[in-house]
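Trainee: One-letter residues, chain by chain:
There are 4 protein chains.
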Amino acid sequence: MSDKVRVTVWNEFRHEKSHEGVKKVYPEGMHRAIAQGLEEAGGFEVRTATLDEPEHGLTDEVLENTDVITWWGHAAHQEVSDEIVEKLHRRVLAGMGLVALHSAHFSKIFRAVTGTNCTLKWREVGEKERLWNIEPGHPITQGIGEHFELPHVEMYGERFGIPTPDKLLFISWFEGGEVFRSGCTFERGHGRVFYFRPGHETYPIFYDDNVRRVIANACRWAAPRIIMADKCPNVPAIEEIRSEDSAAGKAGIAQSGG
Amino acid sequence: MSDKVRVTVWNEFRHEKSHEGVKKVYPEGMHRAIAQGLEEAGGFEVRTATLDEPEHGLTDEVLENTDVITWWGHAAHQEVSDEIVEKLHRRVLAGMGLVALHSAHFSKIFRAVTGTNCTLKWREVGEKERLWNIEPGHPITQGIGEHFELPHVEMYGERFGIPTPDKLLFISWFEGGEVFRSGCTFERGHGRVFYFRPGHETYPIFYDDNVRRVIANACRWAAPRIIMADKCPNVPAIEEIRSEDSAAGKAGIAQSGG
Amino acid sequence: MSDKVRVTVWNEFRHEKSHEGVKKVYPEGMHRAIAQGLEEAGGFEVRTATLDEPEHGLTDEVLENTDVITWWGHAAHQEVSDEIVEKLHRRVLAGMGLVALHSAHFSKIFRAVTGTNCTLKWREVGEKERLWNIEPGHPITQGIGEHFELPHVEMYGERFGIPTPDKLLFISWFEGGEVFRSGCTFERGHGRVFYFRPGHETYPIFYDDNVRRVIANACRWAAPRIIMADKCPNVPAIEEIRSEDSAAGKAGIAQSGG
Amino acid sequence: MSDKVRVTVWNEFRHEKSHEGVKKVYPEGMHRAIAQGLEEAGGFEVRTATLDEPEHGLTDEVLENTDVITWWGHAAHQEVSDEIVEKLHRRVLAGMGLVALHSAHFSKIFRAVTGTNCTLKWREVGEKERLWNIEPGHPITQGIGEHFELPHVEMYGERFGIPTPDKLLFISWFEGGEVFRSGCTFERGHGRVFYFRPGHETYPIFYDDNVRRVIANACRWAAPRIIMADKCPNVPAIEEIRSEDSAAGKAGIAQSGG
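Residue numbers (numbering that gives the first Met the number 0), protein chains in the order written: chain A, 0 to 257; chain B, 0 to 257; chain C, 0 to 257; chain D, 0 to 257.
It is possible that part of the hints are untrue.
For identical chains, the list gives no copy identity; a pair is met inside one copy or between any two copies.
[Unchecked claim] For lysine to aspartate or glutamate, the following EDC-like pairs were computed, each having C-alpha atoms within a straight-line distance of at most 16 Å:
id	residue 1	residue 2
1	Lys-16	Glu-38
2	Lys-166	Glu-186
3	Lys-16	Asp-51
4	Lys-230	Glu-54
Since the hints were derived computationally from the structure, they do not count as laboratory data.
Modelling step: build the complete structure from the supplied sequences, incorporating the hints.
Mentor: The structure is reproduced here in structure tokens:
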């Protein structure tokens, strides 16, 4: 593998074209702001891909050369093709990292890897959020202090409909009275998955230093150690079988397990 | 809710019709053997459903009156309709229990709730298996001693491609040299999921007292405490918002979170 | 076992005697308020025990007849004898439930079972707390809505120095800006442990309906299914050993493992 | 921090002096064999320490310059001073790694960090063990294939009295019929803990290539990212408190939380 972590920053890239307010904040699209953050952090080879490109920009060639994919989608989750999601899912299970950002909680790929509906409460009045770092020793939180604030955000509140995360890294406090599990790690197959709450189309959150640092840390953390497509092989015995029951064996249906 | 746990025992029910050896072991189908085990244990209202019934026997009315579903499939996983699987999945997330048996590791519903490929190694020579009970205080292992044996089984070996289980209850030792995580609990949404390795079409495993006891315990454990279909509501603030940024707020795209 | 869960409510019982403000809120001691809550809930056989009784009220006879112990201590953790703590710890490992309340985060027994220092941030200005129920299907949260409030509390803030809980049931929002993992389950040996944040000597929190309901639910949940003192036995082989190396074996030091 | 991981290899170092058979296998002590493995792997600064040195070789100066400690003890666990164990424990919570080997399951430090009794079954007839690698993507298993064998070992069998590990990396199959969770990771405070089953005084296990590789991987994995001694501070409110109840507040007992 290359020394650099090869990140594909995926973005729905619709709001930025249709909403003036969004265009003002992210004139080249959120993917460019996220990519820029990684480029400035260093150690990454970054490319971007968006929904309206052919195959959503996620050809086999792109996926095979991606160590970690970051995902932002919102209004068009249903337009992401099931076939591409299945390929992404297989690739995560084989070892590719996945960093799901903000409204990607409802993306097909995040729901597929968690096995849950990923519901939550939400409110959009631009309130304050404070993210508490509860695992200061985790690679993803390095360089982040005890907490950091975002002055104006869309609120996401519990219950967040996910499985118990392997590690819960951030808990958010919202001015309006809610809390949220804002940084969650999962492992699926040989791949590592990080959900990170911040990020929204109308607030300049992907320019925030702490947010960028967490995303960069997450992309390093999620980089694969191995890429391995699991199989379901019929294997010979290692030890001698002495209790074999040939009658029972014979009735067996050969494709078992497969 | 009724005092009794309402269990639907689902079976692919194909091998029993097409293979003489299987028919001999399970003349009325594996589902009847499993159902009988539950009926003898007591405390259950049991019905069965099979692949070739209309809607695979899983109408809305059946699902709404099911607390726990047990699942056995093998050669025809792909014939289970995606629509039914989606309904099952939603119902598990809402609180219904799922007990996946043996080759159901590869069923669509188990893969959907785990978010993984559930691969494993396998071999079918009728060797001996010994299941070690590593959580004697768990409700599912009550009445099971330190270990129990099955004289002739199909082997399943690690690596089993699942997420780390919430609780690992049984580890199998196989005569041929492998090991397997044979009893695993997961929670998804409000539903509880148990994977149990034993069970095979050509061995009389669903008549085994220990296997039956584990399945009955699992059906009791997986019975829902609540049934709740999660929503993704836009909620008003509980506390007064003082840092509101109306400019940013206005640019917001209303269907966020949904 | 008796049908009723036998709970021993343990209390340091010092503040109530030395501080007028505390005495006013809990004239008979916090243990009586907690015990009363359980008695009113029904299904419990409740006794109390306090620090200044002989053996802290925790004789062998008491422990042997205790299914679940609730613990409240604050200023005198160091006065609890190591010998009693060791007995308590052994009993938890054997299956007894432990419900640690509020400042019991720093008790010897909670630190012993968690293996951590259980540090946190704190502040005592009587601010508002809102506890979010993030696991509405868990036995401990039954009857509790999406959240409940306590109008005046001592604040506990993250990072809470505990191992990742098995299940995180409540997250607190504090008016002053912090969050806290306020309801955490752990398993140790055959015993179940619940940490619950609310409860303080100068606020009438142990009279609160939601707090009482959670404590009662926790005592039911933590009731032992088995009581088993683990041993470390030298066991004979179950299967024939063919690769035995008698030379190596002979050099062995017999008390291994023990 | 230095680029190299600073490992202190701790050994009871008694059997090697008193038993001829052990002396033959480990003439300079097991600690030297373990240290040599790390030195050959490269990337480590290795020192050793043993029970009969002053302060068991674990002075403050040594601990402050240790990133990861490996621990082997067997017959003299009780001779390790409680004061040293407490210092070790504090240091693990602050971030130091701990790699507990074989009979260290019963060491005071491993019991203290797990909070459990760490009991197991055992047998010493020199049978064969096969360790299955169930997490091929984990840093600790890099370079290890699907499984590896040790021809003659002391058996450890389940139930192993530990809390559910964060990650289970190896499961052992034993010729005599048992299984064991042989590679387990835990986090405590900011420190990472790995338990690894292989290793015994009369078998040349610490010369085995796979065992050495796992230990070296574990020492790299357990190296601290931060060293942080947690405190329990009284903190001012970040947000304005409006619901303060001064009467209640006044009654408060100041040392709360501490």
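Trainee: Need the list of violated hint numbers for this structure, in ascending order.
Mentor: 1, 4
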